[in-house]
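Undergrad: From first to last, the protein sequence lines are chains A and B. Start counting at 1 in the first sequence, then tack on 68, and there's your number in the working numbering. Start counting at 1 in the second sequence, then tack on 286, and there's your number in the working numbering.
Simulated from the structure, these hints should not be mistaken for lab results. A portion of the hints provided could be inaccurate.
[Claimed, not checked] Simulated coverage check for chain B against chain A, where a stretch passes if three residues somewhere in it have a Cβ under 8 Å from a Cβ of chain A:
| # | segment |
| --- | --- |
| 1 | 489–501 |
| 2 | 645–655 |
[Said to hold, decoys possible] Capping the alpha-carbon separation at 20 Å, the derived lysine to aspartate or glutamate pairs in DMTMM-like fashion look like this:
| # | chain 1 | residue 1 | chain 2 | residue 2 |
| --- | --- | --- | --- | --- |
| 3 | B | Lys666 | B | Asp574 |
| 4 | B | Lys459 | B | Glu481 |
| 5 | B | Lys671 | B | Glu481 |
| 6 | B | Lys590 | B | Glu577 |
| 7 | B | Lys514 | A | Asp161 |
| 8 | B | Lys556 | A | Glu123 |
Where a beta carbon is used, it is the ideal one built from N, C-alpha and C, also for glycine.
Letter by letter, the chains look like this.
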Amino acid sequence: MELFASQLLNGLSLGSLYALFGIGFGLVFATMGILNAAQGCYATWAAIIALAAAESLGLPFPLIILAAVLGGGVVAIGVDQLGFQPLRARKVDMLGALITSIAFWMILDSLAGFATGQQSLSFPAWSYPGYMLTTNPIPLPAMQIISISTLIVITVAMHYMIAHTRLGSAIRAVGWNPVAASLGGVNSRTIILLTAALAGAISGLAGLLGGVLTSNVSFTLGQSLMLKGFAAVVVGGYTDVRGTAIAGLLLGVLEVFCGQYISTALRDGFTYSLLLLFLLVRPQGLFGSRGFIRA
Amino acid sequence: MTTFRKIVSAGLVSAGMLIGGTLGMTSAAMAIDPGTYKIGWVADRTGVVAFAGVSYAQGGQLAVEEINASGKLGDGVKLEIVEREGASEPARSIQGYNQLVADREIIATACCIFSGIAGALKPIAKNNGVPLVFYGATMPNLPELPLIYNVTSLPGVQEVALSKYLVEVLKPKTVAYFVLADNEAFQQRYKASREVFEAAGAETVGVATALGHDTDFTAQATQLIALKPDLIMVYVTQIPAAGFIQAVRQRGWEGHMATNEAISPIAVWKKIGEALAGVPFSVAFTADTAETPPAKAFVENYRKKFGADPDVYAAQGYTAVQLIAQGLEKLQGKPTREQLAEAMASLNTIENDVFGGIKLVDGQLITDKNNFVAWTREGKIAPWKP
Numbered sequence: 069m070e071l072f073a074s075q076l077l078n079g080l081s082l083g084s085l086y087a088l089f090g091i092g093f094g095l096v097f098a099t100m101g102i103l104n105a106a107q108g109c110y111a112t113w114a115a116i117i118a119l120a121a122a123e124s125l126g127l128p129f130p131l132i133i134l135a136a137v138l139g140g141g142v143v144a145i146g147v148d149q150l151g152f153q154p155l156r157a158r159k160v161d162m163l164g165a166l167i168t169s170i171a172f173w174m175i176l177d178s179l180a181g182f183a184t185g186q187q188s189l190s191f192p193a194w195s196y197p198g199y200m201l202t203t204n205p206i207p208l209p210a211m212q213i214i215s216i217s218t219l220i221v222i223t224v225a226m227h228y229m230i231a232h233t234r235l236g237s238a239i240r241a242v243g244w245n246p247v248a249a250s251l252g253g254v255n256s257r258t259i260i261l262l263t264a265a266l267a268g269a270i271s272g273l274a275g276l277l278g279g280v281l282t283s284n285v286s287f288t289l290g291q292s293l294m295l296k297g298f299a300a301v302v303v304g305g306y307t308d309v310r311g312t313a314i315a316g317l318l319l320g321v322l323e324v325f326c327g328q329y330i331s332t333a334l335r336d337g338f339t340y341s342l343l344l345l346f347l348l349v350r351p352q353g354l355f356g357s358r359g360f361i362r363a
Numbered sequence: 287m288t289t290f291r292k293i294v295s296a297g298l299v300s301a302g303m304l305i306g307g308t309l310g311m312t313s314a315a316m317a318i319d320p321g322t323y324k325i326g327w328v329a330d331r332t333g334v335v336a337f338a339g340v341s342y343a344q345g346g347q348l349a350v351e352e353i354n355a356s357g358k359l360g361d362g363v364k365l366e367i368v369e370r371e372g373a374s375e376p377a378r379s380i381q382g383y384n385q386l387v388a389d390r391e392i393i394a395t396a397c398c399i400f401s402g403i404a405g406a407l408k409p410i411a412k413n414n415g416v417p418l419v420f421y422g423a424t425m426p427n428l429p430e431l432p433l434i435y436n437v438t439s440l441p442g443v444q445e446v447a448l449s450k451y452l453v454e455v456l457k458p459k460t461v462a463y464f465v466l467a468d469n470e471a472f473q474q475r476y477k478a479s480r481e482v483f484e485a486a487g488a489e490t491v492g493v494a495t496a497l498g499h500d501t502d503f504t505a506q507a508t509q510l511i512a513l514k515p516d517l518i519m520v521y522v523t524q525i526p527a528a529g530f531i532q533a534v535r536q537r538g539w540e541g542h543m544a545t546n547e548a549i550s551p552i553a554v555w556k557k558i559g560e561a562l563a564g565v566p567f568s569v570a571f572t573a574d575t576a577e578t579p580p581a582k583a584f585v586e587n588y589r590k591k592f593g594a595d596p597d598v599y600a601a602q603g604y605t606a607v608q609l610i611a612q613g614l615e616k617l618q619g620k621p622t623r624e625q626l627a628e629a630m631a632s633l634n635t636i637e638n639d640v641f642g643g644i645k646l647v648d649g650q651l652i653t654d655k656n657n658f659v660a661w662t663r664e665g666k667i668a669p670w671k672p
């Protein structure tokens, strides 16, 4: 029972990373219609920026989080303005955006490799709460609790923002039809910039937490989040962050339990079988509606 | 003069001429023509194992510079490394290697960390008749004389020795293993070690696995701690080994663990720190335990050039170039790839041995010494004390 509970916690912690990353990824897809393959690099670069800030300035953990969030946001805005804005101006279709995002993925990944000296780095022990909250009846690492709590806060905040605020309405409007939104008085370009920054910031948060939890700040960090984050978005549905959060947690728990009770070698097969099943049976995801296009 | 004396005198004169001639040839004619001899190097300076790929390449680079500075290959003879980046990707490595072997100025080649890629490049080297030295592939039976060599100190051999030592000093009753599920070389290493423990009566209580691209090892740490084994053996690459050991220690488990050379580079210590202290591993070379004059000189020169301690990967890259250079030393005139291969095949050791005792057996480097070491709390590698 203790083992089951410990592994459940491990799964929820891992899943919270997938879910957080998926929320950022889904936001870009829902609002801009971009399947952004470079999104994983936002997580990587946010972690690298936060690590550099931690090591050079000796920041406390809350400010390290802020550095990651800002870093992820800035990188996302940079990619959007350099890569996607020119495509939007020329009304290039989704395939063009996907190819552009792949190019940015390659470039940012290579640069991340050089930035870390091709090493896997980690946050210094003093820079984050690496202690156990308790060891009885099960070990309760503070960082795992922080990661799960962060997901809950971000999910609630994002859901509220999208469903109940003017900014959320504007984001949904731009996602549905940017031209119509503009005619309705929404500054589409500003909303897109804000969305890109928000998505980058959330992915950056996932990158930071992932970097701390796995002691791995390298170009592989974003790659590992990317596919599972994408799976969380597909299973959860693009239209509702609650679906992405639940799907991400589900994927994390499934992965850990599959490794514990079945086989690690089959783990990814299980995960992607679930993805395939959802695409076949419920393509709109857990919370999506059948009639949706996007947003 | 009697007939007998005539015969003896003639014999002595002939022998003298022969010896004199041979010595003269050794000093003057036994050298290759002046010029630049190129070594094709498929590097892994980027990609998933770049942390090691950079070291291999820097070790090779240092060897070339030392050999050129020493003039040991003859007046006006220079070695040069021509690099193609493989990034540990099969397609890129094969493409890069094809480019290298197409250049007839390249007299020998070196490559590969992943055994799968090494296996893919082997037939290309054989078809092109070019010597190929593997500097990092750990799969046994890769060499094939006269063309294919492996200077990677096969870790399986050392790990069997470490496992035997652990049986002797720790006398574990139960052993658990953490292994890469998708890496054949590590699977073999784990199986060899498990055989040793089981033969000594230690029960295998569990095997946790991870995939090569995984980055989170909390689940595996939890799984194995719950089994309360006397010993956990870790047979994975650098990122999983470091992450797993840290996750285990963070969860308060203070039992015995042992692992492999993956945690030997200083970068791993900088990343993980004290959690690694006291975890024994076997490794063919470390800067902290270098004792012989060639090893000490290698450490000093490497530090001078790159501002960091060389690790076992750098030592292997260095040795790969030494092997090729030693083959060239045996030749004269303008050697061909085939002649170089034959010269290399005749070697049974490699000079400038930084490992402190090596031999070449059928093209495979074998290290004589078993270094059972561990990180200390001060961040140095020292012989492990149970």
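Undergrad: Now look at each hint and say whether the structure bears it out.
TA: Now the hints, each set against the structure:
1. 489–501: Three-residue rule met by the segment 489–501 of chain B, so holds; n is 7.
2. 645–655: violated (count 0)
3. Lys666/B <-> Asp574/B: Holds, at about 7 Å.
4. Lys459/B <-> Glu481/B: Distance ~14 Å between lysine 459/B and glutamate 481/B Cα, so the pair holds.
5. Lys671/B <-> Glu481/B: Measuring from Cα to Cα gives roughly 24 Å; hence the hint is violated.
6. Lys590/B <-> Glu577/B: It holds: about 18 Å lies between the C-alpha atoms, which stays within 20 Å.
7. Lys514/B <-> Asp161/A: Violated, at roughly 57 Å.
8. Lys556/B <-> Glu123/A: 13 Å, holds
In the structure shown, a violation is registered for the earlier hints numbered 2, 5 and 7, in ascending order.
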